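Following the hints, put chain B in place on chain A, whose structure we already have.
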Amino acid sequence: MQQEIKSRVVGVDISIKRTTYAIVDVRGNIHASDHFPTTDYTTANDFITALSEKIITMTEANGGYEQIRSIGVSSPSANFLTGCIENAANLPWKGIIPLGAMLRDRMGIAVAVGNDAHVSALGEYSYGCAHGMNNFIIVSLGHGIGSCIFSNGKVHFGADGFAGEIGHACVEHNGRECGCGRYGCLEAYCAEKGIIKTAQEMLEQSDEPSLMRSLDRISPKGIAECCEQGDKMAIEVYRKTGEILGLAVANYASILDPEAVIFTGGISNAGKWLFDPAYESFEAHVFHNIRGNVKFLRSTISDRERDVLGASALAWGIKEYSLFK
Amino acid sequence: MIISSTKTKVVGVNIGYEEINYAIVDVRGKILAESSFPMPTDQDINGFIALLCDGITNLILENDSYENIRSIGISVPSGNFTTGSIVNSLSLPWKGEIPLAAMLRDRLGLAVAVGNNAHVRAIGESTYGCAHGMNDFIVITLGHGFGSCMFSNGHVHMGNNGFAGEIGHCCVEPEGRLCRCGRRGCLETYCASDGIVLTARELMASTDKPSLLRDLEELTPKTIHECCERGDELAIEVYNKTGFVLGLGLANYASIANPEAIIITGGISKAGKWLYEPTNASFEEHVFHNIADRVKIMRSSLPDNERDVLGASALAWNVKEYSLFK
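Residue numbers (the working numbering), protein chains in the order written: chain A, 1 to 325; chain B, 1 to 326.
Isolated chain A, as found in the complex:
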């Protein structure tokens, strides 16, 4: 007798502002998706209860809960090995939250929890431009700079699960102060605040006219728009940013010899203004035997979809378990 196979999972992406959840099938088709503000819930308990109810409601309206094999969750500061969110700097819930166990208790099916950077990489590997690649790096450029390494077809977690902190690699001894308390971290130059700082420094140091001077609020997006209009100083801001980014990624690649470096996150929308100088600097600094062999890619899936898809891929990676048999 042939048994029924469950062909769908639920992927959940907990981001700082919004939580997205979706029903995803084996091939990565999203059958239903919805979201709500993460910050509406002051305690993790309330949040998880609400999330459980929303998932049940959505699955019952879209093919039934009994079709769902498992749940994958992507969250900042999450640890795959323990299934917990650990000391998240940017989420409202402090300390260690046993998210996997709490959600499984309420849902009655298997739950896998992964760190957002790792889940992004898994999403690219399963359904995006890293499909078929065994060794690659994904770098997310946004508020901070995170990354994840795929080694031999698997996520490289490192001994404590903290691997990939390229944002806190030092690019300038005694350089700019970073949010982490140290000096000269890559993040202090190439993440959102760093780019704004570079722009502000340039504006202060020269009297040259620039479209950036008329911006209400300087932002990476605003600066990129000035680049599009041919503003020299704005182009120079991204050139400097790209030069530093290219050097850091070159060092990263010299150590790891990846097939590709895939960029995601809001800053990567700056496009050629950032990536042309970054690639030039990358090629100038990378180990000669791999020069020309590393693909510089921008993610082909949208930022919102990637993490839900990655979380769904994570869900397939755990053993099936169900109270409803």
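In case anyone wonders, no lab produced these hints; they're calculated from the structure.
Predicted, not measured: the structure shown is a model, and the values here were computed from it.
Among the clues, some could well be false.
[Said to hold, decoys possible] Taking lysine to any residue and the SDA-like style, the derived pairs with C-alpha atoms no more than 20 Å apart in a straight line are:
hint : chain 1 : residue 1 : chain 2 : residue 2
1    : A       : K54       : A       : R69
2    : B       : K320      : B       : G29
3    : A       : K193      : A       : M212
4    : A       : K295      : B       : N161
5    : B       : K296      : A       : A159
6    : A       : K240      : B       : R184
7    : A       : K240      : B       : G185
8    : A       : K240      : B       : E173
9    : B       : K296      : A       : G161
10   : A       : K154      : B       : E18
11   : B       : K95       : A       : R291
12   : B       : K241      : A       : G184
13   : B       : K241      : A       : N174
14   : A       : K154      : B       : M134
15   : A       : K154      : B       : K296
16   : A       : K6        : A       : K17
17   : A       : K197      : A       : P209
18   : B       : K320      : A       : N152
19   : A       : K17       : A       : K193
20   : B       : K241      : A       : G175
21   : B       : K296      : A       : G175
22   : A       : K94       : B       : H289
23   : A       : K154      : B       : N135
24   : A       : K272      : A       : G222
25   : A       : K197      : A       : G161
26   : A       : K154      : B       : T82
27   : B       : K95       : A       : H288
28   : A       : K240      : B       : G176
29   : A       : K154      : B       : E260
30   : B       : K95       : A       : K240
31   : A       : K193      : A       : G161
32   : A       : K154      : B       : H289
33   : A       : K240      : B       : P174
34   : B       : K7        : B       : K95
35   : A       : K154      : B       : H155
[Claimed, not checked] Pulled a few chain B residues facing chain A out of the computed Cβ check, cut under 8 Å:
hint : residue
36   : H132
37   : G133
38   : D136
39   : S152
40   : N153
All C-beta atoms, glycine included, are put in the ideal place defined by N, C-alpha and C.
Just chain B now, with coordinates in the frame of chain A:
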């Protein structure tokens, strides 16, 4: 079904810049017989291969028999496990791409694995040394050059083309010292042998301070280290500077890889506390805060003269068995 006997020995070969060592090693890492010859002065790769084959064949015939040898593992600078070749070595006499594994297998009739010396050291430490039981660690080879190997999830991280681990060619100073590789500011130009000697020369030129370094016939990392032992301030400063750059390079590596340990091997690692204290201080200053204090920086526990042949023997077990002599 008859259980056929398994082969319990391999040959490990270490191709160094000056000497080639090779040994018959059993499953448990016991060296049963060994031999060596100096690196020939002419640059003919065919002559070298003939010499190496003769050496290995004689070693096997004198001490054992061909039927008992499962495979051969070779550790060589710039070796590539994926292709079995030596690729564009900066320091060996042979240029371009040398298909070492294929050339040796043709002549010896046994399976041959070729690995980069850094990768081989990591496999050796994992199999027989102080990384036994660790899944994620880094082995650094610091001597003439500066290589490394990272273990990820219990396996060597080779990278897409087999070139992973080139920390020596990470740029630490964009317009810095000129490197043998043609680029500027590589970590190697500060922390490997020639870099340390250059730092010493620069320091001597920048000051009139008396120093034992000025009386040395030959300036080498070893002689500089000896001056440190005798309390020479300038010599100590040489290692302080080296350690600072090394600590920064290792910190960036560790922030990315989050290893359980960084194991330092190679001639420079003998400089002891003169190098390690400044390296540690700089490492802790620069590494990602969540892993500060968690990474063990340690020296290899394997004897220097055995490390590479043992590693090469461990590598030999990683290739599929193949033999013309069945």
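These are the hints, each one checked on the structure:
no.	hint	in the structure
1	A/K54 - A/R69	holds (17 Å)
2	B/K320 - B/G29	holds (19 Å)
3	A/K193 - A/M212	holds (15 Å)
4	A/K295 - B/N161	holds (13 Å)
5	B/K296 - A/A159	holds (11 Å)
6	A/K240 - B/R184	holds (19 Å)
7	A/K240 - B/G185	holds (19 Å)
8	A/K240 - B/E173	holds (16 Å)
9	B/K296 - A/G161	holds (16 Å)
10	A/K154 - B/E18	violated (39 Å)
11	B/K95 - A/R291	holds (18 Å)
12	B/K241 - A/G184	holds (19 Å)
13	B/K241 - A/N174	holds (16 Å)
14	A/K154 - B/M134	holds (17 Å)
15	A/K154 - B/K296	violated (24 Å)
16	A/K6 - A/K17	violated (31 Å)
17	A/K197 - A/P209	holds (18 Å)
18	B/K320 - A/N152	holds (19 Å)
19	A/K17 - A/K193	holds (18 Å)
20	B/K241 - A/G175	holds (18 Å)
21	B/K296 - A/G175	violated (27 Å)
22	A/K94 - B/H289	holds (18 Å)
23	A/K154 - B/N135	holds (13 Å)
24	A/K272 - A/G222	holds (15 Å)
25	A/K197 - A/G161	violated (31 Å)
26	A/K154 - B/T82	holds (18 Å)
27	B/K95 - A/H288	holds (15 Å)
28	A/K240 - B/G176	holds (18 Å)
29	A/K154 - B/E260	holds (18 Å)
30	B/K95 - A/K240	violated (37 Å)
31	A/K193 - A/G161	violated (26 Å)
32	A/K154 - B/H289	violated (25 Å)
33	A/K240 - B/P174	holds (13 Å)
34	B/K7 - B/K95	violated (35 Å)
35	A/K154 - B/H155	holds (11 Å)
36	H132	violated (15 Å)
37	G133	violated (12 Å)
38	D136	holds (5 Å)
39	S152	holds (4 Å)
40	N153	holds (6 Å)
Consistency with the previously given hints fails for numbers 10, 15, 16, 21, 25, 30, 31, 32, 34, 36 and 37, ordered from lowest to highest.
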